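Asks: Construct the complete structure from the given sequences, taking the supplied hints into account.
There are 2 protein chains.
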Amino acid sequence: MDSLSSLLQADKIDELRTRLANMIPADAANALEELDIEQIFVVFHLLPKDLSAAIFTYLSPDLHVKMVEALGSQEMTDIVNRLKVDDAVDFLDELPANMVNAILANTRPEMRASINSVLNYPEDSAGSLMTCEYVFLPEYLTAGEALAQIRQKGIDKETIYTCYVTTPKRVLKGAVSLRQILLSPNSRPVSELMSPTVISANTHESQEEVSRKFQEYDLIALPVVDNENRIVGIITIDDVVDVIVAMNTENIEKMAALRPAEDEYMKTGVLKLASNRIVWLLFMMLSATFTGMIISNFQGLLSQMVILASFIPMLMDTGGNCGSQSATLIIRGMAVGEIDPSCWYKVVWKEFRIGIIVGVALGVVNLLRIFLFMKDVNFAVDLTVTATLFCTIITAKILGCLLPMLAKVMKLDPALMASPMITTCVDAITLMLYFTIARSVLL
Amino acid sequence: MDSLSSLLQADKIDELRTRLANMIPADAANALEELDIEQIFVVFHLLPKDLSAAIFTYLSPDLHVKMVEALGSQEMTDIVNRLKVDDAVDFLDELPANMVNAILANTRPEMRASINSVLNYPEDSAGSLMTCEYVFLPEYLTAGEALAQIRQKGIDKETIYTCYVTTPKRVLKGAVSLRQILLSPNSRPVSELMSPTVISANTHESQEEVSRKFQEYDLIALPVVDNENRIVGIITIDDVVDVIVAMNTENIEKMAALRPAEDEYMKTGVLKLASNRIVWLLFMMLSATFTGMIISNFQGLLSQMVILASFIPMLMDTGGNCGSQSATLIIRGMAVGEIDPSCWYKVVWKEFRIGIIVGVALGVVNLLRIFLFMKDVNFAVDLTVTATLFCTIITAKILGCLLPMLAKVMKLDPALMASPMITTCVDAITLMLYFTIARSVLL
Chain A
160 MDSLSSLLQA DKIDELRTRL ANMIPADAAN ALEELDIEQI FVVFHLLPKD
210 LSAAIFTYLS PDLHVKMVEA LGSQEMTDIV NRLKVDDAVD FLDELPANMV
260 NAILANTRPE MRASINSVLN YPEDSAGSLM TCEYVFLPEY LTAGEALAQI
310 RQKGIDKETI YTCYVTTPKR VLKGAVSLRQ ILLSPNSRPV SELMSPTVIS
360 ANTHESQEEV SRKFQEYDLI ALPVVDNENR IVGIITIDDV VDVIVAMNTE
410 NIEKMAALRP AEDEYMKTGV LKLASNRIVW LLFMMLSATF TGMIISNFQG
460 LLSQMVILAS FIPMLMDTGG NCGSQSATLI IRGMAVGEID PSCWYKVVWK
510 EFRIGIIVGV ALGVVNLLRI FLFMKDVNFA VDLTVTATLF CTIITAKILG
560 CLLPMLAKVM KLDPALMASP MITTCVDAIT LMLYFTIARS VLL
Chain B
160 MDSLSSLLQA DKIDELRTRL ANMIPADAAN ALEELDIEQI FVVFHLLPKD
210 LSAAIFTYLS PDLHVKMVEA LGSQEMTDIV NRLKVDDAVD FLDELPANMV
260 NAILANTRPE MRASINSVLN YPEDSAGSLM TCEYVFLPEY LTAGEALAQI
310 RQKGIDKETI YTCYVTTPKR VLKGAVSLRQ ILLSPNSRPV SELMSPTVIS
360 ANTHESQEEV SRKFQEYDLI ALPVVDNENR IVGIITIDDV VDVIVAMNTE
410 NIEKMAALRP AEDEYMKTGV LKLASNRIVW LLFMMLSATF TGMIISNFQG
460 LLSQMVILAS FIPMLMDTGG NCGSQSATLI IRGMAVGEID PSCWYKVVWK
510 EFRIGIIVGV ALGVVNLLRI FLFMKDVNFA VDLTVTATLF CTIITAKILG
560 CLLPMLAKVM KLDPALMASP MITTCVDAIT LMLYFTIARS VLL
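In order, the protein sequence lines correspond to chains A and B. Quick note on numbering: our numbering labels position 318 of the first sequence as 477, and the sequence is numbered without any gaps. Quick note on numbering: our numbering labels position 48 of the second sequence as 207, and the sequence is numbered without any gaps.
Just so you know, the hints here were simulated from the structure itself, not pulled from any lab data. The structure displayed is predicted, hence computed values, not measured ones. Misleading hints may appear alongside valid ones.
Since the list can't tell identical chains apart, any single copy or any two copies may satisfy a pair.
[To be verified] DMTMM-like cross-link-like pairs, simulated, lysine to aspartate or glutamate; straight-line CA separation at most 25 Å:
#1 Lys-413 <-> Glu-423
#2 Lys-328 <-> Asp-572
#3 Lys-243 <-> Asp-422
#4 Lys-312 <-> Glu-409
#5 Lys-570 <-> Glu-423
Replies: Structure (structure tokens):
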């Protein structure tokens, strides 16, 4: 099959148009990414306007910025006018403020008002995720009248599958699905069909909270209301899926001591990536100075028994791994709302018992391994190492669950307490234990 | 407000019924979890059958099993008959095989056939996630006829918002949204309205693949087809959200060297939790033996310069942290489909340059910190530590990106290569470098 670029060069315009029209917009956008910017403009002029707007939504942020720079605000306005409000907001969010103002100055007034109302909400809020294109029905309509209204006004709406029943002042009274309207007799009043208990979100609620509501109630759309319970927009599930994925990436990055980045790895410059990593690395390197000081303190003991040094890596690594296992489970459990820090004593008690089981298992293996395979290590050293291992495991398990819960209670982000932070704490405690036990057992 | 339990005891049946009927099923299920099992049975008998089935879906797995044990298969069958196919499958999946057979033996034949067809697919496949309750339309219908058919047959379907156009043998020809049908003139043929390019999944495709399609194409439903492109079911977005969340939890757990667990932390026993952790801990403890051997090998050097030991924790931790930062970004990038292992050389080149920047930054801070604040350490030792730090950082960055990509190419799970595995490798290399540099600089 010929590539888009060769079709363009051979002037096979009809074939090109048919090909793109038969593609799903997301795929068409992918195919366009291969072309250079002038070719993309040619293609955009060839396509029906609705299709080009649909494809535009799926182009990469890079290309969006390039197109704005090349096209100027007047032509961009034509495109923005045809986007859905939430897609327009996503697109404008990527641009520098002066470009946004230039484009908004020319959009149609209703569109501008809608976009502005969404752009004004804080970045992480429900308000900034919503679209203003929803169907609302006055409470006095019948099912038949409602259906007629949806058929007439539904064309520009993001979804017509859930409709919101409101008073004349747009106060939310209930929700009714298109399904219920369609499967009911025409004469039935909407107010009888609607469910009066509607899950909604306040404009200032966090997006994390919003995504939890979608998961808990299996929603496909959620109305967003202001403080007087007036509906101002809706959030649809496709945008929530993006939020869930982004939140997960952010959490994983924080747990690995990375400053969360908005951009994709392959598209981010080396300097930016390096700077996202350096801050935490420096912090952790400097806190490891503390562990170094502990070892310096015990230099006398160590120079008498150099063999002790060879177990330091094993003890530190096992402690770090134990701690990060617990921390990971607790951080994830709190993120999905399953673990509540107010029950901290239950969690600690559970981790303590797990620590004992794990400690005994690893301790026995370690004792035997040294006894059987390291003939030059005397049994007192073996016992010292094993006793330290056991204590380290229990300490690591308890710190691993306590620190993230403490962070949560102090309104800090628990993910920041993950493995690297806990490793640093556990290291220090492990070494103190090790040398203290060694001094009393061996000297 | 009185609790459900006190309403029950006071025999205020009407109030109880109204209260539950006005609640959202997920909330009603939460409220019921507070009651004991006999009370739940009483409540279930008081409620309209559809409502009790809707609430049943949201009860916890624990309670499901208890109810089956107490009710017996006959009464359970009545409940299962009223569930949606995919909810019934989720519920049956939690039960032991003999209970499943007893319940299935009594369900209505179409329901049994549907459930069985879904239960027969592998656990991680698209087939096991689908429901058989979808709307299909013959290709010769008009919009008006299609609407009439949806109104007549749509009642039991999971979603009526996307309908699939098929040949008489159910071969998938296209998809048409209820929205398009509703907003078009009644006489327009469905075959003109439908979009002929439909994203679909094969029954044996992985659920990870399915969730990626939902994200990429902003879908709310996805048809599942067999090898002859005949539609056998659909997957809806609410189930995909659950898959995305579960996949993320699993990845995070694997990255922290935990065997992924299906159950919630608070509901899992101590022994089970401990056993999920011990395998990897043992493996990593034993591989740390190797690092111990390296130190033993250099005992002579170490006993001459005990001060070297005090920098081991800092070097090991920084190496481990650097490696896990890179590994995390690469694992996540591959999971969301952004990084492709076939471009491994680009990634390595990027990490190499990041390593140099990070290495220089941390190296300078380290050199100065030792020079200024640790007067008893001579400058040659300072240089040795800093040179090792620099080499460790670069090695860790490169291993951190190479190992997960290697795992992917070898069809292993990249998440298993995360921080603990990389820490172990980096530790060994760091110590080798450290002592080799020390021996040539200091002796």
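Asks: Against each hint, give a clear statement of whether it holds in the structure.
Replies: A quick look at each hint next to the structure:
1. Proximity of Lys-413 and Glu-423 under a CA criterion of 25 Å is satisfied in both settings, with 16 Å inside one chain copy and 23 Å between copies.
2. In the homo-oligomer, the alpha carbons of Lys-328 and Asp-572 never lie at most 25 Å apart, since the shortest distance is 39 Å inside one protomer and 55 Å across protomers.
3. For the identical chains of this complex, Lys-243 and Asp-422 are intra-copy neighbours only, at 23 Å inside a copy versus 40 Å across copies, given an alpha-carbon limit of 25 Å.
4. Neither within a single protomer nor between protomers do Lys-312 and Glu-409 lie at most 25 Å apart by alpha-carbon distance, with minima of 39 Å and 44 Å respectively.
5. Proximity of Lys-570 to Glu-423 under the C-alpha cut-off of 25 Å is restricted to the inter-copy arrangement: shortest distance 24 Å between copies versus 28 Å within a copy.
Comparing the model with each earlier hint shows violations of hints 2 and 4; every other hint is respected.
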